[in-house]
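One line per chain: the protein sequences are A and B, in this order. In this text, residue positions in the first sequence follow UniProt numbering: the first is 1, and each later residue adds one. In this text, residue positions in the second sequence follow UniProt numbering: the first is 1, and each later residue adds one.
Be aware that one or more of the hints could be misleading.
The following label-pair restraints were derived from C-beta to C-beta distances [unchecked claim]:
# : chain 1 : residue 1 : chain 2 : residue 2 : range
1 : A       : Ala42     : B       : Ile61     : 30 to 38 angstroms
2 : A       : Glu260    : B       : Tyr258    : 28 to 36 angstroms
3 : B       : Glu108    : A       : Gly189    : 28 to 36 angstroms
4 : B       : Leu242    : A       : Pro259    : 45 to 53 angstroms
5 : A       : Gly234    : B       : Gly69     : 28 to 36 angstroms
6 : B       : Pro17     : A       : Gly169    : 30 to 38 angstroms
7 : B       : Glu108    : A       : Gly83     : 13 to 21 angstroms
No wet-lab data here; the hints were simulated from the structure. Note that the Cβ used here is the ideal one computed from N, Cα and C, for glycine as well.
Protein chains: 2
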Amino acid sequence: MSTSQPSKRQKTSKDTPYELLYWPGTPGRGEHVRLALEAAGASYTDTAHQEGGMKTVLSHISPENLGSGTNPPPLAPPILKHGSLLISQTSNILLYLGPRLGLVPPAEEDEDAIYKINELVLTALDGLSNEAHDTHHPIANVLYYEEQKPEARRKAENYIKVRLPKFLGYFERVLKGEASGGGEWLYGGKMSTADLVLWQCLDGVRYAFPRAMGRLEKEGEYGRVFGLYERVKGVQRIKAYLESGRRQKYALGIYRHYPELDED
Amino acid sequence: MSTSQPSKRQKTSKDTPYELLYWPGTPGRGEHVRLALEAAGASYTDTAHQEGGMKTVLSHISPENLGSGTNPPPLAPPILKHGSLLISQTSNILLYLGPRLGLVPPAEEDEDAIYKINELVLTALDGLSNEAHDTHHPIANVLYYEEQKPEARRKAENYIKVRLPKFLGYFERVLKGEASGGGEWLYGGKMSTADLVLWQCLDGVRYAFPRAMGRLEKEGEYGRVFGLYERVKGVQRIKAYLESGRRQKYALGIYRHYPELDED
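Isolated chain A (complex conformation) (with noise of 0.2 angstroms):
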C-alpha cells in the first residue's frame, strides 16, 4: 500500500462531506468544481442552494478575515472545504479533487499524470473562461458593461477572430497527440478533470457567442473538440445533473449572451 499524499487523505477522511462555498446565481467558476463532483457522484453541499449562501461566501472573502490556522484567507469563490482543509482557486481545487475522485490516475499508476491534466486545465481557463469574461470586461469589473461598450465590441471582436480559434486548435492538437491515447478525451484516454473544464467552457462560450461557435462548429475544424463537448453531455450524471434543478442558467456571471458582441 502506497502512502502517497492523494490515498493518505482518502483514507483519513474519505467520509468527510464536500463543502463547495459559492455565489448563487449563475454556474460561474464554481461549476467547474460541480461538474468534477458530479462526475463523480460525490456528496457535497453547495452554497449556491443554501439560505444564507451569499453570507457565508461573503464573511470568508471579507478584508477582515485572515484566514484560520494553515489556511491563508481566500481572495475569491470558489471555494472548497473539506473537514479541516479550506482552499480556493478553480484549478487548485481541482488539483486536490482529481485523484480523491477519480478524475485523474493515481501516481501509483501514472506518476506525473496531474501535471500533464493540470495543465490542460489551466490552458482552459485562461483562454476560454477568463478571456472570454473579459470580452464584456475588458476595462474593468467594478464598472458596468454599458460602461465599456466600444472596448467590449473591440475585444469580442478580437476574441472571436484571433483567441477562440487559436484555443479551440490547440485543444484540436491535443486531442489528435499521442498522449490524448485515442482522441476521445483530453489525456491518457479517460475523462478527467481537464474534459470536464473545456467542457464547462465550451458550454459557457457557446451561450456567449452562439453565431461564431455555430460557424465554427459547422466549418468542422475543430471536430475532436466538439465531439468531446458531447461525449461528456452524454456521460449519464453528467446528463442527469445537467437537466436537475442543481445545474443554473447563465447569467450576468463569466458568460454573457449580448448579441452586439457576436459576429454578425
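Model the placement of chain B on the given structure of chain A, informed by the hints.
Coordinates of chain B only, in the frame set by chain A:
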C-alpha cells in the same frame, strides 16, 4: 521511507538536469521558474541564453506540434523539460518543482501545503502579472500598444486605483494571518515558491508603475508585503542571481514602463 510521488521522482532522477524553455529578451513568465531554480541552487539550462533558443521554443509551440509520448503539446512557454517529462503553464511547473527543490514542504511533513502554496501562486499571477500585462494590452495582444492607448489608459487607471490595492491588501492579510507562520513569509514560516512568485510580480509592477508603487510603499499600509519584497531580495542566492548576467532586463514584455500609464 514514504513512496509519495515527489520523493519517488527525486530518487529516480535527481541528477537529471532541468531544462527551461523560454523566450530570450525579458524576464517574462519564465522568471518565476528561474527564481525557483536559482533559490534552490539547482543546475539548469535556459534557452533564453542559448544560441537558437528562440527556434527551440517556437518548435514546441508550433501549430504542427501534437506533443509526444504522454506529453500533450504546450500552448506557450515557459516549458520545463525534466528527463522525458515536458510540462507548461507557470504555476504547474512550480507545482512540480516546489517539493523537488525544497520550496514546498514535503507531503509527509505538511500534507496540504502544496495546495495552500499553489493557491497563493495562482492569486499572485492573476492579479499582479496577468492583470499588469493587460494594462498595456487591454484589447488584443496581436495589436500594438499604440493601437489601444486610450483603452490602456482607462485600464491602467483602474488597475492602480482598484486592483493593485486589492491584491496588495490581500497579501498583507495573508502575512498577518496565522497560516503565514509569523508574517515573514506567505506560508508556514519558510520561504516557498509563493514568496518568489510574489517577489517577481512586485518587482515587475514596480518597474511598470514606479510612481504608484512608490506612493503605496510610502503610505505604509502594505508594510509586510514590501518587507517580504526586501527579504526575498536579500536571500543570498537570489541576490547573487540578480547581480548576474542570467537576470535579464525588463523590456517589451509583461511589465512595461509607459510613464503615461502610471499615476501623476
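Verification of the supplied hints:
1. Restraint check, Ala42 (chain A) to Ile61 (chain B): a C-beta distance of roughly 36 angstroms satisfies the suggested window 30 to 38 angstroms.
2. At roughly 30 angstroms, the beta-carbon separation of Glu260 (chain A) and Tyr258 (chain B) lies within the given 28 to 36 angstroms, and the hint holds.
3. Evaluation of the 28 to 36 angstroms hint for Glu108 (chain B) and Gly189 (chain A) yields a pass: the beta carbon distance comes to about 32 angstroms.
4. Between Leu242 (chain B) and Pro259 (chain A) the beta carbon distance is about 51 angstroms. The supplied range of 45 to 53 angstroms therefore holds.
5. At roughly 29 angstroms, the beta carbons of Gly234 (chain A) and Gly69 (chain B) sit within the given window of 28 to 36 angstroms.
6. The hinted window of 30 to 38 angstroms between Pro17 (chain B) and Gly169 (chain A) holds, with their beta carbons roughly 32 angstroms apart.
7. Evaluation of the 13 to 21 angstroms hint for Glu108 (chain B) and Gly83 (chain A) yields a pass: the beta carbon distance comes to about 19 angstroms.
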